[in-house]
Amino acid sequence: MIKVEQLTKCYGQVKAVDSIDFEVAKGEIVGFLGPNGAGKSTTMKILAGFLPPTSGRAEVAGRDVFCESLRARENIGYLPENVPLYPDMRVHEYLRYRAALKGVPGRRMNERVGDVLDLCGLNDVQKTIIGRLSKGYRQRVGLADAMVHEPDLLILDEPTIGLDPNQIRLVRDLIRNLKRHHTILLSTHILSEVEMLCSRVIIINKGRIEALDSPQNLRARLGVAGHIFLEARVPEPQAAAAGIRRVVGVGSVSVRADGAWTIFTIQANPGADPREALYEHAVASKWPVREISRSAVSLEQVFAEVTHSEDN
Amino acid sequence: MRRFLTLLGRELGSAFHQPLAYVVLFFFLLITGFNFHAGVSLLNKSASSTTMVEAFFNTVYFWFAFLLVFPLVTMRVFAEEAKLGTIETLMTAPVRDGQVVFAKYFGALFFYLILWVPSLLYFFAFQGITAMSAAGAAGSYLGAYSMLILIGMLYTAVGCLASALTDNQIVAAVIAFAGILALFFLGLLSMFLPATGPFVREVICYFSPIQHMMDFSRGIFDTRPVVFYLSSTALILFITFHVFKYRRWKS
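Chains A and B supply the protein sequences, listed in that same order. For reference, each letter of the first sequence is one residue, going 1 to 312 in the numbering used here. For reference, each letter of the second sequence is one residue, going 1001 to 1251 in the numbering used here.
These are computed hints drawn from the structure, not numbers from a lab. The structure presented is a predicted model; accordingly, all values stated were derived computationally and were not measured.
Restricting the straight-line Cα-Cα distance to at most 20 Å, the calculated cross-link-like pairs of lysine to aspartate or glutamate (EDC-like) are:
no.	chain 1	residue 1	chain 2	residue 2
1	B	K1083	A	D88
2	B	K1245	A	D64
3	B	K1250	A	D18
4	B	K1245	A	E68
5	B	K1083	A	E81
Ranges between beta-carbon positions, derived for each pair:
no.	chain 1	residue 1	chain 2	residue 2	range
6	A	K127	B	F1192	56 to 64 Å
7	A	N110	B	R1247	31 to 39 Å
8	A	K26	B	G1009	33 to 41 Å
9	A	C67	B	G1009	26 to 34 Å
10	B	K1245	A	D152	25 to 33 Å
11	B	S1231	A	D152	42 to 50 Å
12	B	V1200	A	P105	54 to 62 Å
13	A	T265	B	W1249	52 to 60 Å
14	B	T1130	A	T128	48 to 56 Å
15	A	I129	B	L1193	52 to 60 Å
16	A	K15	B	H1017	37 to 45 Å
Here's a subset of chain A near chain B, in silico, CB distances under 7 Å, partners left out:
no.	residue
17	G49
18	Y97
19	L101
20	K102
Don't be surprised by glycine CBs; every beta carbon is placed ideally from N, CA and C.
Just chain A, with the same shape it has in the complex (with noise of 0.2 Å):
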């Protein structure tokens, strides 16, 4: 559905996005990962066919974004970062404004702006002049807006910023809902948002990709294993920590004590899980346990480690 090549977009000296690779199949949802200022909204706007690339090439649904921009916009339902809407109209007008300028033919009107208000909840303020609105109704009609004419490939900058968590609850549902029948490219700094939505992903960093694949992939090819804890009753920790250091898999513990109890964090070797070994050497030893469990690595981890490496 998409396909870049060697994408780069300087703004004067500065070199915004730096001859970036990558595709994304039909019915994928993709996210777009990055800092502030990584390039995520610039590849954005050039796959929209906004901005003309410095060099390289974009195509979305096998037309040049460039070359072809009104065939590959025909395809394409953008929802920019600050979500610009006219003041002045009614949502209905406006949503029947952009389904007309997209193309949608008079007979399917109806039936696409009826089917987008339903979509997006915004029955209750079709009426409504858009100037009035809150920002999560804005948002929601920003994106009833993007997928008013049935395209293919739903490009959506940073959908939930700014959002109240009902409303970003409510936007990730919809998102969610969508992924049935559209490919998705969403950005966001929310790692927690890609995790639920994306089934790949894709870190960029000052304009280069750092790193592009399933969020649990990323997690498992960057190493970074997870703390165990454990906690049980030991007659004497600093011995009982000793021991578990033996366990197979096992590379660090620290010791913590809590009233009568003793917990034990536990640092694992790099793609080792010791949770079953730690369990049996705990009724080996005839410790009483009260606890033992994993916190999961998140993408936050992943993405703190491959964005910071950068720094230094």
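Given chain A's structure and the hints, the job is docking chain B onto it.
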């Protein structure tokens, strides 16, 4: 074509959706009404061969309102989209740059033309009340109103160009006003340059909207100003189109 009409509809809608439109309409009517009154008084005072149409379109009040109205009508067309950021949603829809520029231009031109519709009523009223003809002949109306359209086309294009140059509506209005005044005073240059020879004066006369309006409102139809206004409008629109493209690509 359908996209162009959709864009044009939006332009006209947005022009009438804001209070500025009605403020401009109100004051424009006020000034033209006063201008008409001044024309009637002039005809009452002295017996002369001028007709009502001539008296209406060749006063300082007329030119004052005329020059002032273009920056107000055109300042928002591109600058507002750039400021709101809606240029991004607009240009990522499958529309051509040319369609957008033309729709904005014709939208502004249409609004300008609407401003002149009430003036037709004045002449009907004049004829109804005085039972005299307001113009020497029908050609006088035709000439005066086609000159209004021709000069309007050029000045609207200048206003659109100014609006495409900046994100700020006030700056756009000032640039448009300066450009329109420069074009207008080009025709009056001979007054300020008494030392120039008859050739220069004659050349300058070709650019003088006052001269054009004087001729046309008498019903004298001359193709030279027609060619001048149409070709300069095309040139300014061509520049506007490229400025619009350039500013987006540069951003």
